[in-house]
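> Single-letter residue listing:
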Amino acid sequence: MQPFKKLTSTAVPLPIEDVDTDQIIPARFLKATTREGFGENLFRDWRYDKLNHPREDFVLNSPAYSGEILVAGANFGCGSSREHAAWAIYDYGFKAVVSSYFADIFKGNALNNGLLPVTVSPQVLDEIFRTIEGNPAARFTIDLEAQTFTNEETGTSTHFDIDEYKKTCLINGYDDIDFLLSQREKIEAFEAQREEH
Amino acid sequence: MPTLFDKVWDAHVVTSVPGGAQVLYIDKHLIHEVTSPQAFNGLRQRGIPIFRRDRIVATADHNVPTKDQDKPIAEPLSRKQVNMLTSNCEEFGVELYGLGHPYQGIVHVIGPELGITRPGITLVCGDSHTSTHGAFGAIAFGIGTSQVEQVMATQCVLMEKPKKMRISVDGELQPGVTAKDIILYVISRLGTGGGTGHFVEYAGTAIQGLSMEGRMTICNMSIEMGARGGLIAPDDTTFDYMKGREFAPQGADWDAAVEYWRTLPTDTDATFDSEYHFRAEDIPPMITYGTNPGMGMGVTERIPTESEIHGQATLKKSMEYMGLELGNKMEGMPIDYVFIGSCTNSRIEDLRLAAGLIKGKKVHENVTGIVVPGSQQVARQAIAEGLDRIFTDAGFEFRGAGCSACLGMNEDKIPAGRYCVSTSNRNFEGRQGPGARTILASPLTAAAAAVSGWIVDVRKLN
Ligand code: SF4
Chain A
1 MQPFKKLTST AVPLPIEDVD TDQIIPARFL KATTREGFGE NLFRDWRYDK
51 LNHPREDFVL NSPAYSGEIL VAGANFGCGS SREHAAWAIY DYGFKAVVSS
101 YFADIFKGNA LNNGLLPVTV SPQVLDEIFR TIEGNPAARF TIDLEAQTFT
151 NEETGTSTHF DIDEYKKTCL INGYDDIDFL LSQREKIEAF EAQREEH
Chain B
1 MPTLFDKVWD AHVVTSVPGG AQVLYIDKHL IHEVTSPQAF NGLRQRGIPI
51 FRRDRIVATA DHNVPTKDQD KPIAEPLSRK QVNMLTSNCE EFGVELYGLG
101 HPYQGIVHVI GPELGITRPG ITLVCGDSHT STHGAFGAIA FGIGTSQVEQ
151 VMATQCVLME KPKKMRISVD GELQPGVTAK DIILYVISRL GTGGGTGHFV
201 EYAGTAIQGL SMEGRMTICN MSIEMGARGG LIAPDDTTFD YMKGREFAPQ
251 GADWDAAVEY WRTLPTDTDA TFDSEYHFRA EDIPPMITYG TNPGMGMGVT
301 ERIPTESEIH GQATLKKSME YMGLELGNKM EGMPIDYVFI GSCTNSRIED
351 LRLAAGLIKG KKVHENVTGI VVPGSQQVAR QAIAEGLDRI FTDAGFEFRG
401 AGCSACLGMN EDKIPAGRYC VSTSNRNFEG RQGPGARTIL ASPLTAAAAA
451 VSGWIVDVRK LN
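Protein sequences, first through last, are from chains A and B.
Taking the numbering used here, I'd label the letters of the first sequence as residues 1 to 197.
Taking the numbering used here, I'd label the letters of the second sequence as residues 1 to 462.
The set of hints was computed from the structure by calculation and includes no laboratory data.
Fair warning: there could be bad hints in the mix.
Calculated lysine-lysine pairs in the DSS-like style (CA-CA distance at most 25 Å, straight line) [said to hold, decoys possible]:
id	chain 1	residue 1	chain 2	residue 2
1	A	K186	B	K161
2	A	K50	B	K317
3	B	K359	B	K67
4	B	K460	B	K362
5	B	K460	B	K359
6	A	K167	A	K5
7	A	K167	B	K163
8	B	K362	B	K67
9	A	K6	A	K167
10	A	K95	A	K167
11	B	K329	B	K317
12	A	K186	A	K167
13	B	K316	A	K50
14	B	K329	B	K460
15	A	K95	A	K5
16	A	K167	B	K161
17	A	K186	B	K7
18	B	K460	B	K361
Quantities reported herein were computed from a predicted structural model and do not represent experimental measurements.
Throw the hints in and build the complete structure from the sequences for me.
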């Protein structure tokens with residue numbers, strides 16, 4: 001996993017609520033058996049029409065918007081547990097997603113892949129959307145160490161929460177699996193002492 | 001004063017990590033072809049085996065064709081993925097109920113019917129509808145592929161203990177109202193994010209009065225309100241369902257297990273982080289009008305003109321996709337497809353319910369009706385009871401087991417622009433195929449739509 005420390009970038013706005021994992025990566029693209037290449041089909045049915053032509057009205061096809069930060073409406077990533085959704089976003093080139101809240105499984109999947117979910121208040125989210133609307137080239141800084149999200153355009157900075165353990169993992173690029181493997185003795189001791197039904 | 005959830009969770013904590021997460025021991029791990037290949041690759045790269053092979057079971061369900069299941073899979077990518085599951089299971093020594101096996105089926109249908117799912121256990125699967133198994137009083141939840149690999153390697157996941165919610169439904173259900181209507185009603189009230197961060201316990205007399213199939217339908221859709229999972233206290237209904245199943249405990253082990261399971265229900269003085277109460281009498285047969293499961297209403301109601309739950313931009317987009325107008329009724333609206341299947345409603349009781357309504361009637365000439373049993377066992381049972389004939393005589397197709405048109409990963413798709421009344425759990429844009437328009441409903445309401453040709457209130461049908 002790639003470490004995440006600090007990022008300054010422009011952002012891509014997606015002011016839609018309840019963006020589900022079937023939109024992020026439709027099921028018919030889940031047949032691959034590796035983790036790579038899903039970015040091509042990120043938001044496939046919003047990005048391309050039936051004839052596979054890019055839809056001009058979709059934000060990823062607009063030359064005005066680019067960057068490593070995706071900003072989306074509330075309840076981002078609801079639906080399926082497919083980690084392919086996090087892989088697709090990351091593979092496309094995003095390093096962080098900002099929303100007022102995330103679906104639980106998506107959030108976990110993102111964190112396990114070095115994609116940082118940043119939760120901000122609905123007011124801050126609105127302000128970010130307004131800033132980008134006013135200036136698509138507006139820049140934002142996410143400082144994981146300091147746990148701050150800064151709107152460089154307005155200068156306002158907000159704190160965001162993240163689990164202490166997950167923060168350490170992201171900063172260092174550690175996977176949960178390394179940690180869990182280090183706990184093998186405890187796991188075996190747990191198995192030995194329990195009574196199962 | 002622990003709740004059912006506390007009792008099961010706390011009994012599985014191996015250790016706690018600074019910051020709040022806990023290492024949670026997993027008793028049963030179910031895997032399928034779509035979310036496991038990358039996990040097996042991970043193990044291979046690390047050069048490590050599966051830690052506890054007796055705790056993992058595999059099946060092929062998402063991708064498998066529902067026609068000609070005895071022949072090689074025609075679609076090359078699906079075939080590759082399903083074959084990869086077979087070779088991975090061989091290489092790592094995992095029990096596989098693959099295509100052609102008498103136990104094959106949707107992972108959330110086979111776990112309970114084989115007696116793998118039990119009260120008091122922790123169970124995970126790389127699939128969000130793992131919440132289904134909570135109907136037995138188990139902690140069951142969906143995980144991502146990285147976690148699938150973690151459980152393969154260590155039999156544990158790392159997770160913060162979720163918050164607790166209780167949803168009570170008391171009273172008597174109206175005729176024509178099923179478990180599916182209860183959960184669609186609850187989600188329409190709480191919204192798709194209403195359960196985020198929580199595990200939900202369903203309680204109350206209307207829930208206790210449900211069969212195991214009904215309870216599974218309820219827990220199945222917990223994820224549709226954003227909850228990590230749902231669970232229901234085990235009782236005699238649970239034990240009667242389980243007794244004698246393939247992998248359920250036998251003899252003295254059974255008695256000891258039941259004794260333990262009886263200690264699991266939530267203590268009377270236990271408290272929850274949030275509680276909701278609903279009256280069973282208030283619940284009508286439900287349908288959805290929009291593109292998430294929270295956009296539901298009574299079948300005779302009008303689509304709301306504004307919603308406090310959803311953003312206006314989202315609602316507008318959703319109406320455009322569905323080709324519907326805010327404020328309109330859907331009752332009487334012509335439909336094109338009816339799909340009876342998925343891990344929500346493809347168990348024997350669901351098929352009995354639908355067949356009971358369909359018997360002696362014909363599927364409307366403008367409607368294509370498909371029935372996909374949840375497992376080979378369900379299919380065999382349906383055939384033994386003659387349900388398949390009832391469906392085929394009426395003009396339904398009766399297919400082989402799998403996820404099918406629930407997610408449109410195989411060739412079972414609904415064409416763009418067409419309306420499908422579906423007993424599945426998600427009406428997301430494109431879920432049943434690009435451009436497909438899904439209306440979620442119970443097996444009764446779906447069957448009624450199939451024979452009528454349009455959306456109909458099953459209570460008004462003779
Ligand atoms: S039936 Fe549908 S919801 Fe259930 S596991 Fe299969 S794809 Fe997922």
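> Hints first: check each against the structure and report whether it holds.
Status of the hints after comparison with the structure:
{"no.": "1", "hint": "K186(A) x K161(B)", "in the structure": "19 Å, holds"}
{"no.": "2", "hint": "K50(A) x K317(B)", "in the structure": "18 Å, holds"}
{"no.": "3", "hint": "K359(B) x K67(B)", "in the structure": "24 Å, holds"}
{"no.": "4", "hint": "K460(B) x K362(B)", "in the structure": "18 Å, holds"}
{"no.": "5", "hint": "K460(B) x K359(B)", "in the structure": "17 Å, holds"}
{"no.": "6", "hint": "K167(A) x K5(A)", "in the structure": "9 Å, holds"}
{"no.": "7", "hint": "K167(A) x K163(B)", "in the structure": "21 Å, holds"}
{"no.": "8", "hint": "K362(B) x K67(B)", "in the structure": "22 Å, holds"}
{"no.": "9", "hint": "K6(A) x K167(A)", "in the structure": "12 Å, holds"}
{"no.": "10", "hint": "K95(A) x K167(A)", "in the structure": "15 Å, holds"}
{"no.": "11", "hint": "K329(B) x K317(B)", "in the structure": "18 Å, holds"}
{"no.": "12", "hint": "K186(A) x K167(A)", "in the structure": "24 Å, holds"}
{"no.": "13", "hint": "K316(B) x K50(A)", "in the structure": "21 Å, holds"}
{"no.": "14", "hint": "K329(B) x K460(B)", "in the structure": "16 Å, holds"}
{"no.": "15", "hint": "K95(A) x K5(A)", "in the structure": "11 Å, holds"}
{"no.": "16", "hint": "K167(A) x K161(B)", "in the structure": "18 Å, holds"}
{"no.": "17", "hint": "K186(A) x K7(B)", "in the structure": "21 Å, holds"}
{"no.": "18", "hint": "K460(B) x K361(B)", "in the structure": "16 Å, holds"}
When the structure is compared with the earlier hints, no violation turns up for any of them.
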